[in-house]
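Enquirer: From first to last, the protein sequence lines are chains A, B and C.
Using the numbering used here, the first residue of the first sequence is number 1, and each one after it goes up by one.
Using the numbering used here, the first residue of the second sequence is number 1001, and each one after it goes up by one.
Using the numbering used here, the first residue of the third sequence is number 2001, and each one after it goes up by one.
Think of the hints as simulated: they come from the structure by calculation, not from any bench.
Warning: the hint list may mix true and false statements.
As the list claims (entries may be wrong) - Result set (DSS-like, lysine-lysine): computed pairs, CA atoms no more than 30 Å apart in a straight line: (1) LYS32/A with LYS2101/C; (2) LYS149/A with LYS159/A; (3) LYS159/A with LYS141/A; (4) LYS2090/C with LYS141/A; (5) LYS2118/C with LYS2101/C; (6) LYS2090/C with LYS2101/C.
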Amino acid sequence: MTAPLGLEFPPISHLIRWPDLLFEDTPYAINKTTIIYFLAVLITLTFFFVAGRRAQLVPRGVQNMAESSVEFVREGIIMQTIGPDGLRYLPFLLTMFFFIFFINIFEIIPLFQFPGNARMAVPFILAILVWFIYNIVGIAKQGPLGYLKSSTIPPGVPKPMLPLIALIEFVSTFLVRPFSLAVRLFANMLAGHLILVTFAVLSAALWGKNISLVILPFPFLLLIALTGFELLVAFLQAFIFTILTAVYIGLSMHPEH
Amino acid sequence: MLLRFLAEQDPGELVDGLTALGRGVVYGGAAIGPGIGIGLVVGNAITAMARQPEAAGMVRTTMFLGIAFTEALALFGFVLAFILS
Amino acid sequence: MRMRTLFASFGLGLLVAIAAPGVAGAGESGGEEPTEEPDIDHASEECIHLLEDGGEIDDCQEAPSPILPEANEIIWGGIAFLILLGILWKYALPGVQNMMKQREDRIRGDLERAEQAKTEGEGVLAEYQRQLADARNEAGRIIEEARQSADQLKRDLTARAEAEAAQIRERASQDVQLATERATTDLQSRMAELSIELAEKVVERSLDRDTQLALIESYISDLGNGRRG
């Protein structure tokens, strides 16, 4: 992998697979990714406990942020997709949002520089969990047959097309949904991480060359700009994962008429 | 001539090289459609926001949803490129 | 309730997922000898494992697919999520939500109170305005009444004065008439007396004509000089 310029790009597995730190080679092995998960939990809890402990009637600082985030999940996600009867999913969606967001945000935190969601694990389990939730909600609300009918047969389809459409809808609802949900988050974070690594490697390699000091600003500035962009992506992916979950739950609760 | 060149190569390297090519083609191909699609989604969302600025919040949410659905296709290509080996 | 059951069963599934490979791993590790070289890096360690499992040396070149999730990350990620969900749901969120609810209630209460005060104020204002209008009406009524009674009084007084005047005039004219009649009667009786007196005198002094004439003339002049009673 040695390029003519002496540019050494590490293999992908070196970028996203981290050596085990504790309990090596057991299923409970702790590596950088799992530490990021724990830190995400800690940060979220600290955030909310600090906000809740010194709660004042006139919010400021952390409390204000926590309350506006709750408000954001409630008004921006639940009310717009499920409606008032979706408010009982608020803790779940809020947890999901913060867990994903804080795992993502480690992508641009110095010394970590790795989005935990560039590993398939969390997207995978969350997608499975969401799959179970929206199916169970759909079956509970509409009955097994009603749920199967409303999720596979869209209204107003001409008779001859029905088997094909039903098959496609079935695959799309029960197979593609969780898969795309997980892959969207995972691939976005992985791609972002790879881009940042690429430009970081480029900047580092150019740093060592004398002549390249002229062009160094380009990859370096781009690296900075992309870091800002990845902050946006980290937020956006957490938001999209959460709102899609809400949309799926909403579709199971109120099927299209 | 190309065929002879290919035949002279080490089969293992040939496979590696072709795989790398295939990855590039897969991701490149997968990015075309979603690129157009995201362009359409965002363009129409901007039109909608310009026409009805008071509905901008709702349009923005829906736009992100549309982008997410469209983008998923490109990401499938991205993942597929990794799966190829 | 159903959601809680779901999450609980999810956690249970995760627990099983942890336990199963743990048991399997325990079984394996019993038969495995500890590796001799402690200073090999992670990649070569994986390679050794692969070779032990009957893989070829080429497999070492190929990194495990970056797509597939790893067991340890799934387990820790799942545990982390469930812990976060549990604590956030039970302890952290209620505090924040209570405060939000409290503030919401407070603001709503304030608004309601303000609304109430406004309504009250409007009521009081209306009351005052009504009272003011009443008072003004009352005053007008009183003035009107006064004017009416004054008019009445004036009319009464005028009528009474006129009546009195008429009475007085009536009495006066009666008096005049009475006086006239009395005067006439007096005059007649006086005339008769005088005539008799005159006749006496004429008879007393039946003298000559000149003397009679002189007598008469003197009498008449006497008469003219106001000897009439």
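Enquirer: Any hints this thing doesn't respect? Which numbers, in order?
Expert: 1
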